[in-house]
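Please put together the full structure from these sequences, using the hints given.
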Amino acid sequence: MIPKLKQWLERPAFLPLLCYVVALIVWLGGSVWSLGMDTIAKAGGNLYQCELTLENFELVDMQLLEDGSYITTSGDPQMIWHNTDGMTVRTLRLTATFDRSPREMCLYYTNAEGEDFSVNKRVFAAQQDDGSYVYTLPQSSIAALRLDPCSPEEGKPVTMTFSGFSMNEPASVVSYFAPGWYGAMELVLYPGLAACALSLAQSAWQTYQAKKKR
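Those letters in the sequence shown? Residues 109 to 322, by our numbering.
Source of the hints: derived by calculation from the structure; they are not laboratory data. Quick caveat: nothing in here was measured; it's all calculated off a predicted structure. The beta-carbon is built from N, C-alpha and C at its ideal position, and this holds for glycine as well. Certain hints may be false.
[Stated by the list, open to error] Here are the simulated distance ranges between beta carbons: (1) 280 / 307: 33 to 41 Å; (2) 317 / 219: 43 to 51 Å; (3) 300 / 261: 33 to 41 Å; (4) 153 / 221: 17 to 25 Å; (5) 130 / 176: 47 to 55 Å; (6) 188 / 284: 25 to 33 Å; (7) 316 / 141: 34 to 42 Å; (8) 181 / 300: 43 to 51 Å; (9) 208 / 228: 26 to 34 Å; (10) 242 / 188: 13 to 21 Å; (11) 205 / 159: 17 to 25 Å; (12) 309 / 163: 52 to 60 Å; (13) 141 / 163: 29 to 37 Å.
What follows is the structure, given as structure tokens:
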């Protein structure tokens, strides 16, 4: 039995299979954890859907026009929201139209009051079929958000007309187990890279052991 097991463990396919199984277990565990934490937050009244208005944001480098739209006055317009109620924040849907390409659309977040916004803590928009943009935040407490609705080219201001901001829209159980395109790429790429690294380390160790026996 043991020799057969050893022979099976030495097969080339063992390490890749092991890495993919571990990655799948970690991903499923993370999905179950996220679902459980959100369920607890909902039960405690901290996770709920709400609609925001422009009055809820601190606007930076954005000028109001007579027709109710806004025009950028720099290459870095910002909309800052502070989580004064301590609510759990998972998603933000932005519905808006632009007179030219908005280019990069980022949502920065902080986990503590007074913390500076950083490129290490940001998510990007996923455009929906209806033209709206959805930002999905990580499973953590959110102290503040900074929405960069567009990234204008130099000398080319963008005019924006906002229709709505919806936070924490209801999510199905299935959505917690859907990795999306980026997550699927990670599930395919990273276990494969880990298997290659382990295989190289194993080969180096076997070579070292063989030299010691000479």
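How the hints compare with the structure:
Range check, residue 280 to residue 307: Cβ separation about 39 Å, and the 33 to 41 Å hint holds. In this structure the supplied range 43 to 51 Å holds for residue 317 paired with residue 219, their Cβ-Cβ distance being about 47 Å. Checked against the hint of 33 to 41 Å, the C-beta distance between residue 300 and residue 261 comes to roughly 38 Å, which is consistent with it. The hint said 17 to 25 Å for the Cβ distance between residue 153 and residue 221, and at roughly 21 Å that hint holds.
For residue 130 and residue 176, the Cβ-Cβ distance of about 53 Å falls inside the hinted range of 47 to 55 Å, so the restraint holds. One distance hint, 25 to 33 Å for the beta-carbon pair residue 188 and residue 284, holds here, with the actual separation near 29 Å. Taking 34 to 42 Å as the suggested C-beta distance range, the pair residue 316 and residue 141 conforms, at roughly 39 Å. Range check, residue 181 to residue 300: Cβ separation about 47 Å, and the 43 to 51 Å hint holds.
At about 29 Å, the beta-carbon gap between residue 208 and residue 228 stays in the expected band of 26 to 34 Å. Taken as a hint, the range 13 to 21 Å holds for the pair residue 242 and residue 188, whose Cβ atoms sit roughly 19 Å apart. Between residue 205 and residue 159 the Cβ separation comes to about 18 Å, which falls inside the hinted range of 17 to 25 Å. Roughly 57 Å separates the CB atoms of residue 309 and residue 163, a value that falls within the hinted 52 to 60 Å.
Roughly 35 Å separates the CB atoms of residue 141 and residue 163, a value that falls within the hinted 29 to 37 Å.
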